[in-house]
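Using the sequences and the accompanying hints, generate a full structural model.
Residues 1 to 420 in full-length UniProt numbering are what the sequence shown spells out, letter by letter.
Just so you know, the hints here were simulated from the structure itself, not pulled from any lab data. One or more hints might be untrue.
[Claimed, not checked] When the alpha-carbon atoms are kept at most 35 Å apart in a straight line, the in silico DSBU-like pairs for lysine-lysine are as follows:
#1 K204 / K134
#2 K197 / K78
#3 K246 / K116
#4 K191 / K88
#5 K130 / K18
#6 K131 / K88
#7 K353 / K334
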Amino acid sequence: MNFDRIREKLNILADAAKYDVSCASSGSDRTNKTKGLGNASKMGICHSYTADGRCVSLLKILLTNHCIFDCAYCVTRKSNDVPRAAFKVQEVVDLTINFYRRNYIEGLFLSSGIFKSPDHTMERLVSVAKKLRKEENFNGYIHLKSIPGASDELMYEAGLYADRLSVNIEVPTISGLKLLAPDKKHEDFTKPMEKVKNEIVRYKSEQKIIKNTPKYAPAGQSTQMIVGASGESDKDIMYSATYYYKTYNMKRVYYSGYVPVTHDSRLPAIGSQVPMLRENRLYQTDWLLRFYGFSVGEILNNQHPNLDMDVDPKLSWALRNLHHFPVNVNTADKRLLARIPGIGMRSVDKIVKARKFRKLNWDHLKKMGVALNRAQYFMVCESRYWERRDLDAEKIKGMILQNSSGKFRNQYSTQLSLFN
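Right under this line is the structure:
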């Protein structure tokens with residue numbers, strides 16, 4: 001194995017893989033000073049999380065950044081003048097095993113540009129996973145990116161060896177896809193999703209009868225949407241996400257703020273700010289839809305097509321719906337408790353359990369982890385003191401912002417002067 005050439009490929013293909021946010025990038029600074037393989041500060045080590053909350057490190061790379069398509073938003077588009085490289089199947093297998101033995105990683109996150117054809121590319125991705133499982137007896141985590149347009153047969157085989165499969169829809173709407181990736185069809189993305197969903201359903205059904213049924217994509221499937229590339233509103237994005245969750249039983253939909261990487265009149269100019277705060281608000285909305293009992297129409301609609309950047313989406317909804325408040329924490333059901341800003345689902349469970357024994361006051365709620373700087377304006381408890389008084393939505397918002405802190409605070413700090 002030519003170590004220098006492998007290191008060069010790693011630098012190119014790990015860097016190209018960083019735009020996929022299905023796992024967070026690593027902050028590792030562990031280096032190899034003996035010219036061996038495995039420079040964790042440069043070589044594409046990323047973090048992911050297991051179902052029980054453990055953080056695991058993954059080798060995150062592309063099989064190749066050669067691509068037959070010219071999608072405007074993609075750094076590996078065929079017209080983009082960037083260094084190109086490609087791994088052989090065995091090279092990826094060897095890298096994974098070597099990194100694993102050095103305790104750098106616990107799994108593999110493998111994607112690819114599309115070269116020759118979707119099936120040709122998908123076949124090579126499957127070959128990597130198959131070799132790891134069958135020849136190397138590797139039982140670590142494997143996440144394979146499904147190639148849009150790949151055949152059902154290859155998708156089935158991929159699920160037998162990978163823990164998770166994902167097809168990145170990238171552009172949230174069909175019209176946006178036609179604008180930025182005219183060579184691709186929407187059904188090329190949805191067909192593999194449908195196959196994976198059906199196979200997972202079949203596996204779960206057969207497992208009830210035959211216990212040793214071969215596992216199929218036990219960690220499910222996911223997808224990713226680019227935010228800020230094609231002009232969609234937050235309403236468009238979240239309605240699309242809800243559709244994929246319900247139609248294809250997605251485990252997760254990821255949102256990635258568009259990073260300008262190429263000159264194109266259809267896209268934000270290079271140097272434009274990456275919409276990180278907007279991305280964060282979309283994740284918060286996603287959480288509300290999946291775990292807090294909200295519907296998309298309650299948070300985003302024709303009157304409010306975009307999320308408030310000043311405050312989180314639950315607080316924004318509460319400020320627009322003050323007629324639902326105050327909520328009495330000692331009598332309200334779980335659904336209403338979960339809608340109080342500053343109260344998470346763990347705190348909801350604690351409240352429901354604790355109030356069986358006594359009525360709760362402000363001190364009790366604070367000890368349970370309730371964020372009273374927000375929650376106090378929307379609830380009452382065993383106390384005569386109620387913070388909202390005669391305040392309207394704008395005054396409440398201003399008071400909360402003045403007493404808040406966070407990593408995005410500097411992006412909306414100019415708004416605070418309105419309340420001084």
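Hints, verified against the model:
no.	hint	result
1	K204 / K134	holds (23 Å)
2	K197 / K78	holds (31 Å)
3	K246 / K116	holds (33 Å)
4	K191 / K88	holds (27 Å)
5	K130 / K18	holds (24 Å)
6	K131 / K88	holds (12 Å)
7	K353 / K334	holds (11 Å)
When the structure is compared with the earlier hints, no violation turns up for any of them.
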